[in-house]
Amino acid sequence: MTAPTAPAAPPRAFSRANLAATLAGGYLPLLIAVLVVFLPLLWMVLSSFKQPGEIVTLDLKLLPEALNPDNYKVAMTAVPFGQFFLNSTIVTVVGAGIKVLLAILTAYALVFVRFPFRNVIFVLILVALMVPPQVSILPNYILIAGMGGKNTLWGIILPGLGTAFGTFLLRQHFLTLPGSILEAAEIDGAGHWRRLWQVVAPVSLPSIATVALVTVVSEWNEYIWPLIITDKPESMTLPVGLTLLQNSESNGAGWGIMMAGAVLVILPILVVFAMLQRYIVAGLTQGSVTG
Amino acid sequence: MTPQLTAKPGRAPAHTATVRAKEPGGATARNRKRWSVRKRRDFFVFLALALPNLALIAVFTYLPLINNIYYSTLNWTLGSASATVVGLDNYVTFFTSPDAGKVLGTTAIFTIATVGGSMVLGLLVALALNSKVHGTTFARAAVFAPYVLSGVGVGLVWLFIFDPGYGVLSWLLRGLGQQSPQWINDPQLSLLMVIIVYVWKNLGYCAVVFLAGLQSLPKDVMEAAALDGAGNTRRFLSISLPLLSPTTFFLLITSMISSLQAFDLIRIMTPLGNGTSTLIYESYLQAFGAYNRAGYSAAISVVLFVILLIITVLQLRFVERKVHYS
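Sequence lines, in order, name chains A and B. Counted the way our numbering counts, the first sequence spans residues 1 to 291. Counted the way our numbering counts, the second sequence spans residues 1001 to 1326.
Just chain A, same shape as in the assembly (with noise of 0.2 Å):
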């Protein structure tokens, strides 16, 4: 992981033209990729400790005069930014925890437990796959609502629980395992509890890390749905509760403030993805099921 501004090394022959081609041709373009990304984040950032006096000016200026923390109190007395944080997390940890357990279950048990018509079953879930989740709002929220999940942190879990993505990535790699390690465990006197528990999930440990990954990420961002079921503060979530800081601090001078607001909705998954990256992208470039 070199930085891409590091001195070039040409794979080839040394020469003075080699070295000007390869920075203009290779550094150059992904040196320009990797700014325009990295900009507009890193300006987030730099914002945040702005003072309004600072954002609310006509010559700009480039860096916070201090590293002042102001902004981050102001969003959490200005919405209850700590709920909704806490919010977040349970409905992230709760909600990605049940999917992964449940993926990793309905996997198994298509492709290692006998079952009529368990192709068909198969078929039904990768449909449901392709089933865009924007066209159940409606519906889901007039069932939900109607069993009192409205503004209930179970409300915001509940309708998203069914996993399709999950089920399809484990099964596709249960799969590629072989036969071999399942049958002895089973002439061991294995039941399918501990062949699953003991035998495919250990060895599947890549590709639940995936599934999981991919899945936290989702929970975390997830905003339609939070936004319809919730419209009190104390039920709400990160994403939803910027929509209300949004509200609040709608003018020149808020914008620090809100800038606050997205680094705390945004740092948490840039992290992770900092540190696991290949498991991320590997996820979500599989195949034709992307998040």
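Just so you know, the hints here were simulated from the structure itself, not pulled from any lab data. Don't be surprised by glycine CBs; every beta carbon is placed ideally from N, CA and C. Among the clues, some could well be false.
[As the list claims (entries may be wrong)] Some chain A residues near chain B, calculated using beta-carbon distances under 8 Å:
1) V56
2) V111
3) V131
4) V265
With the hints as your guide, set chain B onto chain A.
For chain B alone, kept in the frame of chain A given last:
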């Protein structure tokens, strides 16, 4: 991973031997009976493992599709206890009102511009990532990053950049002696703004998928063409691009599907949908915005669903053909 794979079977044979030693005396009838007991037990094991997930998918994915179609035939205010069945009236109202042209037009422009933008820029970035220089691993991760970030957070950051008073963009334009346009008040500029941010957020996905396509191209063909004197541009246009067509088609379909469902950026950057009301956003506004028109909103959702269904079927037919050829 490999050590585990070899360790398990290595442990097993000892036990295998003891089990086998007991087996030979068993009659075939008893074996068959045990077999059917096993089969029945598998039946219940399958249900216990898969039923929770299957039930959730049935209730929250399949049932809403049916309910949506039913709701679309109602004249129904959200929150009201009474509703009257009006047949296809909601569809007729939508398609005969001036809204239809506007919403369908906005949806078409948004979809074509975002898909085209993400794919063309994604391909260019993929070509840059495919060059033999240091740092491509880091750059690949960096350009992919916006794709996994919260649409709400990203929308706010860009809204600040586009701010006509204090945004970076207005500062840059002032430096060039230009006035910043009113991105929010002008419907066409609002749409352009959301398209730009959507492309920024999604082009990394296209780039990574294109890169995978580029890296799987046969190297011998490229080398042969280079020996024949074909330059970079020529090789790209005559070899890479045609060979990439399965990747291009895959991206075209998946990008269209996700563009048609784009919601977060539109909601956070242009809450009123002034100039940016696509099918999905119009359906949201009608039910959960000012109007509470549940039946009408459901009808728009069904229109969107039918469009997505057609695209998905196209994709499936293509995938079948691709599997056939390979």
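If you check each hint against the structure, which ones fail? 2
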